[in-house]
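Number of protein chains: 2
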Amino acid sequence: MSQAKWIWYHGDFELYHSMLLHARREEFGCEYPTFWKLSPPYPNVRFFKSYHADEEDVVRFVTRAKAYVMVDNDRLPVNTDLKIGAGDHNIMVVTLATEGLPCLYVDSKYLKTDESWIADHMIVTHRVPVGCTPAYTSPEDNPEVFRFSYERLDPVKATKTEQGTLYDFGRETYAYLCIEGADQNDRIRVTYGESREEALDHAEALIRETVSGKGTYRLSGRAFRYACVQGGKGLKVWADYEYLPIADVATFACNRKNVNKIWDICAYTLHLNSREFFLDGIKRDRWCWSGDAYQSYMANRYLYFDPEITKRTIIALLGKPPYEQHINSINDYSMYLIIGAYEYYFSTGDKQFIEIYFDRLQALYDFIVGRLDENGYVCYRDGDWIFIDWSDMDKGGSLCAEQILLWQCRRCMAELCALVGKDGKAHTDAANALQKRIMKDYWREDRGAFIDCHTTGRENVTRHANIFAIMYGFVSHRRAQKIVRCVLENDAVNQITTPYFEFFELNALCMMGRLKTAQKKIESYWGGMVALGATSIWEQYLPEQKGIEHFGMYGMKYGCSLCHAWGGGPIYLLGRYCLGVYPTSVGYETFAVQPDRGLYRKIEGTVPLPDGHSVHIAMDAHVCAVSATRAGGTLIFGGKEYVIPEVGGLIITF
Amino acid sequence: MSQAKWIWYHGDFELYHSMLLHARREEFGCEYPTFWKLSPPYPNVRFFKSYHADEEDVVRFVTRAKAYVMVDNDRLPVNTDLKIGAGDHNIMVVTLATEGLPCLYVDSKYLKTDESWIADHMIVTHRVPVGCTPAYTSPEDNPEVFRFSYERLDPVKATKTEQGTLYDFGRETYAYLCIEGADQNDRIRVTYGESREEALDHAEALIRETVSGKGTYRLSGRAFRYACVQGGKGLKVWADYEYLPIADVATFACNRKNVNKIWDICAYTLHLNSREFFLDGIKRDRWCWSGDAYQSYMANRYLYFDPEITKRTIIALLGKPPYEQHINSINDYSMYLIIGAYEYYFSTGDKQFIEIYFDRLQALYDFIVGRLDENGYVCYRDGDWIFIDWSDMDKGGSLCAEQILLWQCRRCMAELCALVGKDGKAHTDAANALQKRIMKDYWREDRGAFIDCHTTGRENVTRHANIFAIMYGFVSHRRAQKIVRCVLENDAVNQITTPYFEFFELNALCMMGRLKTAQKKIESYWGGMVALGATSIWEQYLPEQKGIEHFGMYGMKYGCSLCHAWGGGPIYLLGRYCLGVYPTSVGYETFAVQPDRGLYRKIEGTVPLPDGHSVHIAMDAHVCAVSATRAGGTLIFGGKEYVIPEVGGLIITF
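Chains as they are written, first to last, in the working numbering: chain A, 1 to 654; chain B, 1 to 654.
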């Protein structure tokens with residue numbers, strides 16, 4: 001039998017922790033809970049299990065909720081030992097938690113709570129497999145507390161300044177600052193900084209706290225590299241690093257040390273932002289945003305291939321019907337969520353996840369479609385946020401980039417329908433009709449570009465819609481080439497300013513065979529931040545800025561997050577296009593390895609496959625060696641295809 | 001300016017307390033939370049207010065949630081004094097409560113939280129007036145604790161028995177049993193009883209508790225008349241009666257003392273069940289059931305006319321979309337809720353309430369309609385409970401009583417639509433078509449009766465559908481007379497066994513001029529319980545039963561609730577048909593007084609009108625005196641109509 005685990009209604013663990021997470025933001029000493037609607041867990045949940053016991057068994061149903069258990073037809077109390085006789089039994093546990101997460105734990109000889117249990121939210125027609133994780137296996141565990149790992153970090157340097165003692169922890173971290181040796185009467189002021197400048201600028205630093213009354217402190221979990229501590233004498237200051245212990249499967253090395261360092265920093269950036277969910281950034285809002293997360297799902301597949309964090313993130317973002325608002329309030333972010341759910345399925349083959357969440361995905365889709373304009377276009381309605389990117393775009397009418405996302409969203413919904421045995425033809429038909437209309441309204445053959453908006457007369461071109469058109473295969477290869485020439489390789493079109501869209505752009509360019517452009521950009525753009533001392537990738541990078549200008553954003557001197565998940569793009573780009581691994585069927589049952597050194601002399605690395613498997617690639621000017629821990633792979637090299645054997649690997653010399 | 005009050009998202013106070021309430025049931029020492037889906041409050045809520053300050057004001061925004069306040073364009077912290085300058089200001093407070101009820105309190109010179117504030121659940125297009133009550137006016141108040149009143153009750157008698165000391169509190173109560181003078185080592189066993197027999201029968205009593213380890217105890221709030229305490233020596237036992245202090249406006253007296261006593265016991269029964277919401281009964285489940293509550297709304301109008309408890313009950317029952325289950329899981333109970341909401345409006349004129357809850361009522365209606373069968377009939381579907389009453393009925397197919405409720409529900413929905421400016425014609429049309437179909441399928445002209453079910457061939461007649469047909473005006477007067485003769489006055493048709501439907505039946509009979517039948521039944525049926533020593537009205541009464549048979553129900557020796565709200569019917573019947581007061585337009589703007597002594601020689605009483613007003617009626621064989629505290633009344637007497645003056649009243653001698 002499997003190990004006993006705490007169980008809950010599938011997804012409610014994520015919704016509960018999403019509430020906690022979105023309540024934790026602080027800024028300038030002020031609480032700052034999120035502005036979008038959050039879905040709480042169901043307060044009352046029933047758990048079901050049928051089982052057989054060979055002999056009498058002593059069973060204790062452990063829960064913090066108000067509850068009773070039905071053993072066959074007897075109503076019995078929880079949290080006490082019950083004797084259940086030999087034979088077949090039907091168990092139903094009815095819970096009601098007026099706060100927190102209703103959950104249940106049973107560990108007896110014949111009956112254990114695990115993934116084989118079923119739950120409902122008191123609706124007999126909506127039963128789902130329970131949720132559980134290997135993190136909560138003892139009766140004392142509490143799923144209301146998220147399970148992280150901890151590691152002590154000591155500052156690498158302490159400097160006395162006029163503002164107090166400045167502790168440098170060597171690189172960006174997320175930790176609980178600990179202070180020992182204080183006097184109760186000390187008033188200790190802590191100013192955190194992702195940069196040295198921020199930590200020394202108490203008035204403008206986003207995160208700061210003043211404490212007194214104790215001898216030792218463990219302050220809240222916060223993002224920082226530097227902490228400036230004022231007040232107190234002879235204090236001992238260290239940090240308790242909090243992290244999710246997901247092991248990297250991926251590695252990457254090439255002959256350019258610079259690039260290797262960028263890859264490491266990107267990986268570290270992703271690690272710091274991989275917590276309960278994929279966060280946008282760890283300092284400022286620490287919220288979960290669907291567009292940002294979508295890129296993290298992609299990077300995840302090329303770094304850890306951890307399905308759990310992607311699922312947790314999708315669940316938390318999806319919330320529960322009724323949908324009255326776009327995900328994060330952003331139109332594009334609703335669509336990324338549906339596209340992301342489909343891509344999650346395609347990369348993992350996890351059909352059960354889609355089955356459980358199909359109704360919610362469908363309800364979200366219906367919400368999206370219910371707010372289209374009379375032409376079937378995504379348009380602005382009260383409460384919406386048409387985002388796409390922090391760029392100047394012509395948002396005077398329906399935006400082209402939103403429509404291409406909608407097209408992809410409709411196609412993904414059709415696939416999801418097929419998966420659960422529903423007819424999705426209407427979505428495919430709608431996608432096809434939408435494509436025709438978009439081409440008519442937004443495509444300018446003479447300019448080789450999609451314009452932002454067709455109703456304002458401005459005929460403005462930005463990169464975004466054009467990137468999507470390539471990325472999602474919206475246009476023919478011929479037109480895609482034209483877009484590359486006329487838009488992506490046209491310096492007259494405004495440059496992207498965020499690693500977010502920079503990643504999408506490079507992805508599109510790599511799809512069009514421009515790996516070298518991406519490699520150059522990794523060194524100039526990501527490398528530009530690293531050259532400025534970044535120990536994690538930033539939310540925004542404008543090469544023309546100087547000094548602490550880089551740290552400002554949103555009208556705040558240190559408003560720019562210096563550890564932003566959407567900076568992780570190179571992990572994906574180098575794994576996907578340089579090491580060249582990608583799935584050719586659902587769940588990587590078959591996959592291709594199509595390595596391309598591009599600008600590098602030598603490359604070597606590992607790319608994860610699902611379930612802990614991986615592919616290893618090493619290549620230089622003369623040899624290409626590929627091995628995989630399981631079958632299904634095809635090496636595509638020099639115009640030929642080679643089956644990658646399950647054992648031993650392939651070595652091609654040329 | 002009005003007094004500052006704690007504010008919350010309209011209705012979330014009720015949903016929060018509904019969760020607490022439905023988690024409190026216990027039975028045989030086992031927790032027993034409810035089996036239907038509960039809706040939690042929105043975790044995040046925004047509060048809005050625009051106001052003007054003549055001078056600088058110090059304002060503190062008090063909340064237990066994570067929160068910030070936007071004062072115009074500045075983000076500021078809560079729970080600290082803020083200086084806000086003179087001038088016009090826009091305030092938005094953003095809250096997120098990961099547990100409990102998000103709520104807010106402000107009390108400064110120029111800014112106070114009160115009913116003039118607006119809230120949303122982060123959805124800009126769904127703003128509602130906030131909820132608040134005069135019960136929470138100080139910053140220390142906590143709306144998460146429902147505000148009751150308390151009164152010390154000492155037992156009227158203590159008797160030593162083999163089971164321990166039996167304390168008799170003289171009549172049914174809901175109280176916290178308090179024990180003083182215990183030794184820490186005493187193991188004190190308490191057995192509660194609505195009856196003496198139950199308190200002395202520890203093995204079969206529903207509510208019991210054993211405590212130890214303290215010197216004084218205040219046990220949980222429970223329903224009982226008797227408590228048997230075993231263990232400990234020289235204990236002092238008393239009870240802390242918990243109640244909602246709603247004052248009776250109504251009075252009733254006639255020459256039959258018996259009847260006056262019944263009226264008083266009915267009123268007391270209703271009081272005990274008037275708590276956060278109208279409960280069904282105070283001992284066993286203490287839950288809130290829509291059908292039971294519907295009768296309490298009616299009795300409320302003839303006892304207190306307290307709109308607040310009716311509103312709280314409707315809100316708690318209604319919960320929040322999505323609707324995936326009938327109210328309390330019972331098909332009829334969903335329909336009573338919509339009918340009850342309309343009747344609430346008709347009797348109070350409270351249009352704002354309907355405006356706030358219209359979307360939910362509409363969503364519930366859509367749910368009801370979405371589960372009809374191909375003939376447009378209410379039918380059983382997975383998860384449904386076709387209840388109507390604890391009677392044998394032919395439930396082998398769609399039940400007639402459900403269809404007549406549906407007809408009334410559709411008509412009420414049409415009225416609610418009209419009220420909020422929507423077109424409800426489709427509902428009226430559907431009601432008309434349904435009526436035709438019901439008459440064709442269920443009406444048996446030769447038998448003067450509706451049959452239960454038209455598809456089983458059993459042609460069974462019970463009283464229930466026939467009662468509804470009269471009560472809701474579903475049939476012509478001529479057919480109604482036929483029903484009275486063929487069904488209601490036909491002893492061959494099974495008698496009603498619950499005060500619940502007994503009330504509906506008597507209401508129908510009174511509508512058909514059979515007040516005397518109702519008066520006789522009040523003395524025989526309600527009086528029958530009183531003669532057996534009832535101090536509150538029971539859930540079920542079968543006159544042919546003997547001794548403790550009366551206390552059994554649901555297969556439990558003491559399963560029958562001896563204090564059940566649906567026993568309050570005589571309050572309504574005597575106020576409505578004997579004192580004769582009823583509204584003739586919305587909110588009793590006009591009302592009729594049509595007194596009828598029936599069997600009584602003398603009657604005198606007061607009937608409430610909205611807003612604390614009332615009508616007083618005194619009548620004997622020679623004089624009829626009527627006065628009202630406001631205008632709008634018409635006395636209908638001896639075939640004539642008289643305007644009841646605002647001052648002084650009318651005296652008719654005959």
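If you are wondering where the hints come from, they were derived from the structure by calculation, not from laboratory data. Among the hints, erroneous ones may be present.
Some chain B residues judged to face chain A by a derived CB distance under 7 Å, without partners named [stated by the list, open to error]: (1) L20; (2) P40; (3) K66; (4) N79; (5) E99; (6) M122; (7) T125; (8) P129; (9) E324; (10) Q325; (11) D382.
Even for Gly, the Cβ is constructed at its ideal location relative to N, Cα and C.
Hint by hint, here is what the structure shows:
{"no.": "1", "hint": "L20", "in the structure": "6 Å, holds"}
{"no.": "2", "hint": "P40", "in the structure": "5 Å, holds"}
{"no.": "3", "hint": "K66", "in the structure": "4 Å, holds"}
{"no.": "4", "hint": "N79", "in the structure": "9 Å, violated"}
{"no.": "5", "hint": "E99", "in the structure": "4 Å, holds"}
{"no.": "6", "hint": "M122", "in the structure": "4 Å, holds"}
{"no.": "7", "hint": "T125", "in the structure": "5 Å, holds"}
{"no.": "8", "hint": "P129", "in the structure": "18 Å, violated"}
{"no.": "9", "hint": "E324", "in the structure": "5 Å, holds"}
{"no.": "10", "hint": "Q325", "in the structure": "5 Å, holds"}
{"no.": "11", "hint": "D382", "in the structure": "5 Å, holds"}
Hints 4, 8 from the list above are not met by this structure, while the remaining hints are.
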